[in-house]
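Based on these hints, arrange chain W on the given structure of chain L.
These protein sequence lines map, in sequence, to chains L and W.
Just so we're aligned, residue 228 is where the first sequence starts under our numbering, counting upward by one.
Just so we're aligned, residue 24 is where the second sequence starts under our numbering, counting upward by one.
Okay, derived cross-link-like pairs now, DSS-like style, lysine-lysine, Cα gap no bigger than 30 Å in a straight line:
id	chain 1	residue 1	chain 2	residue 2
1	W	Lys-28	W	Lys-118
2	L	Lys-289	W	Lys-28
3	W	Lys-28	L	Lys-284
4	L	Lys-297	L	Lys-284
5	L	Lys-297	L	Lys-286
6	L	Lys-286	W	Lys-28
7	W	Lys-25	W	Lys-160
8	W	Lys-117	W	Lys-28
9	W	Lys-118	W	Lys-25
10	W	Lys-25	L	Lys-284
11	W	Lys-117	W	Lys-25
Think of the hints as simulated: they come from the structure by calculation, not from any bench.
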Amino acid sequence: MGVMAGTLAPEREVQQHSEADTFAEVDRPWITVVWNDPINLMSYVTHVFMTVFGYPKAKAEKLMLDVHEKGRAVVSSGTRERMELDVTTLHGFGLWATTEQQQ
Amino acid sequence: MKISKDAEGVRVRMGSIEADTLSSLVADLANALQPGCLDAADPVYQRLFPDGYRDNPEAAAAFRVLTEDSLLTERRERAMRCLAELSEAATGAKKLDVHLGPDAAQRWIQVLNDMRLAVGTRLGVTEDHDGYGFDPKDPEAMSWSIYAYLTGVQDSVVRAL
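Chain L extracted, bound-state conformation (with noise of 0.2 Å):
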């Protein structure tokens, strides 16, 4: 998955990297992260992923059972910028979301 180097760091700081490091750096993709929380409802959640991101249902209902039963659960990934895009929205629908590079 296409990441540009510079929404991830400072350039200077990238540099300071041996090449090996950097590319690692920059591969590995960010993620957005819904929480579960006790009060979105299970038919809501499974609701905004299917509005959010165009997720079939049955996708969806997998996504927000993972959420309810292991706790969170990746929903997308992508560039930082679309990563806070995604939290933004899920923010603007009431779920707990957060962004993180994926480890």
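Quick look at chain W alone, frame taken from chain L:
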């Protein structure tokens, strides 16, 4: 309240007393969403406007600067629109119908969710104590019943979509 599918989307039929009660709840939310009304340290505020980064306070603060004001405005404006729709549907008759197209129904479930997040956070809802079968002697029994009511309405509208 009766929620059903219709040709345009969703029809919500309710009595005038119920409509008044729902309107006052939506108005409470809209008031709470006036700039500066909720303290940033208030758990309700933190639940409605959570951090965008979990373990990176600097990035979380930068994200907040970019998104917080517009999200507050978006939430307040959609509550005001629902309030206006309830007011337009009120004709003085004992029952009133609110017809919601797909976009309006979407907005309604978001406003219902904002109300549930606010009331539920205030009450301290947990997985094990989610308001079903609340104790009528509980000093917060009325708020628990409001929470359960909002839950039922939201779930019904989501299922009707």
